[in-house]
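A.B. asks: Chains as they are written, first to last, in the working numbering: chain Z, 21 to 335; chain S, 78 to 399.
Check the hints yourself; a few may be wrong.
Okay, derived cross-link-like pairs now, DSS-like style, lysine-lysine, Cα gap no bigger than 30 Å in a straight line [to be verified]:
| no. | chain 1 | residue 1 | chain 2 | residue 2 |
| --- | --- | --- | --- | --- |
| 1 | Z | K228 | S | K254 |
| 2 | S | K254 | S | K279 |
| 3 | S | K216 | S | K275 |
| 4 | S | K279 | S | K232 |
| 5 | Z | K329 | S | K168 |
| 6 | Z | K329 | Z | K228 |
| 7 | S | K216 | S | K168 |
| 8 | S | K216 | Z | K228 |
| 9 | Z | K329 | S | K200 |
| 10 | S | K232 | S | K200 |
| 11 | Z | K228 | S | K232 |
| 12 | S | K275 | Z | K329 |
| 13 | Z | K228 | S | K279 |
| 14 | S | K147 | S | K168 |
| 15 | S | K200 | S | K254 |
| 16 | S | K200 | S | K168 |
| 17 | S | K275 | S | K254 |
| 18 | S | K168 | S | K232 |
| 19 | S | K279 | S | K168 |
| 20 | S | K200 | Z | K146 |
| 21 | Z | K146 | Z | K228 |
| 22 | Z | K228 | S | K200 |
| 23 | S | K216 | S | K254 |
| 24 | S | K147 | S | K216 |
| 25 | S | K216 | S | K200 |
| 26 | S | K279 | Z | K329 |
In short, the hints are calculated from the structure, not lab data.
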Amino acid sequence: MAAVTTERPVSRPLQGLESGRRRYREKIIVGSLFLCAALSIVLTVGIVLALLIPSLEFFGQVSPVEFFTGTEWAPLFKNSQFGVLPLLGGTLVVTLIAAAICLPLGLLAAIYLSEYAARRTRSFVKPILEILAGIPTVVYGFFALTFITPLLRENWLFGTPPGVFNALSAGLVMGIMILPTVASISEDAMYAVPQSLRAGAAALGATKYEISTRVVVPAGLSGIIAAFVLGISRAVGETMIVLIAAGGMPNLTFNPVEAMQTMTAFIGAAGLGDQATGSIGYKTIFAVGISLFVMTLIMNIISIRLVRKYREVYD
Amino acid sequence: MIERPMSENRGAVVMDEPERTREGSSDAGVAPEAGADAVLQESAKLAEVTRERRRQVKKDADAETVFELKDVAVTYGGSYAVQGVSMSIRKNEITALIGPSGCGKTTVLRCLNRTNDLIQGAKVHGQVLYHDIDLYGPKVEPVEVRRRIGMVFQKPNPFPKSIYDNVAFGPRVGGFKGNMDELVERSLRRAALWDEVKRDLKASAMALSGGQQQRLCIARCIAVEPDVILMDEPCSALDPVSTLRIEELMDELVSEYTIIIVTHNMQQAARVSDRTGFFTVAEGQDEKDHRIGILVEYDLTPTVFTNPSDPRTEAYVTGRFG
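Can you build the whole structure from these sequences, using the hints too?
C.D. replies: Here is the structure:
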């Protein structure tokens, strides 16, 4: 064996040690990442301002009391009426129908996929769900109009059958549209619950059903509620289906077989006609838009509160 | 994590051993205080005395058999994990299963309450008799088996619920109709956790220290009033003080339950158990040259540790291997 030299090898020359090139590059990278982050905030603020300014002008001309309590909506007529309640009611009815479909079905589908389905079934079904979530909403709109509505009209059992345009058909199809999103995100939340909790519950003699409902669902609750909120927000903001299938009649009623107009459908419909920029009709669109925005914002805040209160943190 | 001041946890455990109270409950990562070693040794000595007494009694009484394993083998997706395990486990004894990693001791443990069923591709061969009933018989309901044979896991796995709800979980799913508050208190007392948590049973179990969480898991297990408690390396994630407390707890519990513990820690097996089964890995016994776990020796613990009959056991227990 060769003698071990006690001298250390000559270290690399010290040149370059104080070079600033790397440091500058790092600064440029940090700077551009910051700009990207800042851009999204600036854009959000910009959008809110773009909504806010015409709305404020609108409320200068129409009193907010009339807007929020009036029961007639006819902003584009000569004898114009600015009561937003019929639109709000329409949105509420359609959203409730959609939620009644997609929340229970979505949760049950998620429980099946996460807790009961074999790994192969899951790996097969989950991508299909995600493809379903990507179908354009206009397709769903025509599905409602040309398939669900005739089906309902022909097989109606109680009282007056639904009209050609009705809220029920739009709501049902909207529920079907949101279902994959709710199921997929809830399933992610449940699947992420550690296996050790399931094993612990099983060792206490819990059945699969008890494990799912008493351990996995509570532990994944924050994700499940997030899925619900996302689903409902999509329902509130969905335009195409209601525009096509629910009709264009502002109608203050809770009877789902009648035609209705939702807030989004009004924006969509009014945006298609020619409203002169700066006219009251033009500003109406923004007033309705900001009401919609505030509505979803409040919903999100409430759900974040709920999640904080009830979630079970497992890590 | 909620750090409670040490003083609040004092006087928690056994009243006639004042020194013991120094083992605060915020045990994770606590630097040993001066004299902590002495305390450890002291209580270890005391525990040893009770164990000796118990063993004396055991030898005389010819205990009833709880489990009878007959040539048990487990396959995962067709390849053997463990093979040819025959042993009988006695009532009100602590049976330790020891051996190097991969020797199949946990797999055997999981056979005993059918938790292997939860693993896809796992299959149990041979016979596992529990009080003379074939656990894998066609009419046996795994959920009922697990209600009678509880399990404590390697890593404490309390549910992310309150302490109370953790203990009440098993009885609730089991349809318990009696006084739940009383049952929760009794179970927490049995698991030597009551005094530390009684102030706030609504607190999240996740805020407890690792050692407390593991005792909570034991309390949770006791609450369903099982017949047998399986423990899968219950102390491997705990510090020495918490480990000692769990061992003391096992000593107390064994008067009512049958305990089977898997451990990597030979000292632990020697300290707590009445009988020890030594498993090892046999190389390439099937055509695919898989490593298979086998049971080498199963006997009274003192015999296994001081006078083993198999040279492999001797090599392992004397630390020359594993």
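A.B. asks: Look at each hint and say if it fits the structure.
C.D. replies: Results of checking the hints against the structure:
| no. | hint | verdict |
| --- | --- | --- |
| 1 | Z:K228 - S:K254 | 21 Å, holds |
| 2 | S:K254 - S:K279 | 21 Å, holds |
| 3 | S:K216 - S:K275 | 42 Å, violated |
| 4 | S:K279 - S:K232 | 22 Å, holds |
| 5 | Z:K329 - S:K168 | 46 Å, violated |
| 6 | Z:K329 - Z:K228 | 26 Å, holds |
| 7 | S:K216 - S:K168 | 24 Å, holds |
| 8 | S:K216 - Z:K228 | 18 Å, holds |
| 9 | Z:K329 - S:K200 | 43 Å, violated |
| 10 | S:K232 - S:K200 | 24 Å, holds |
| 11 | Z:K228 - S:K232 | 22 Å, holds |
| 12 | S:K275 - Z:K329 | 23 Å, holds |
| 13 | Z:K228 - S:K279 | 26 Å, holds |
| 14 | S:K147 - S:K168 | 18 Å, holds |
| 15 | S:K200 - S:K254 | 36 Å, violated |
| 16 | S:K200 - S:K168 | 26 Å, holds |
| 17 | S:K275 - S:K254 | 22 Å, holds |
| 18 | S:K168 - S:K232 | 26 Å, holds |
| 19 | S:K279 - S:K168 | 36 Å, violated |
| 20 | S:K200 - Z:K146 | 28 Å, holds |
| 21 | Z:K146 - Z:K228 | 21 Å, holds |
| 22 | Z:K228 - S:K200 | 19 Å, holds |
| 23 | S:K216 - S:K254 | 26 Å, holds |
| 24 | S:K147 - S:K216 | 19 Å, holds |
| 25 | S:K216 - S:K200 | 17 Å, holds |
| 26 | S:K279 - Z:K329 | 14 Å, holds |
Of the numbered hints stated above, those contradicted by the structure are hints 3, 5, 9, 15 and 19, listed in ascending order.
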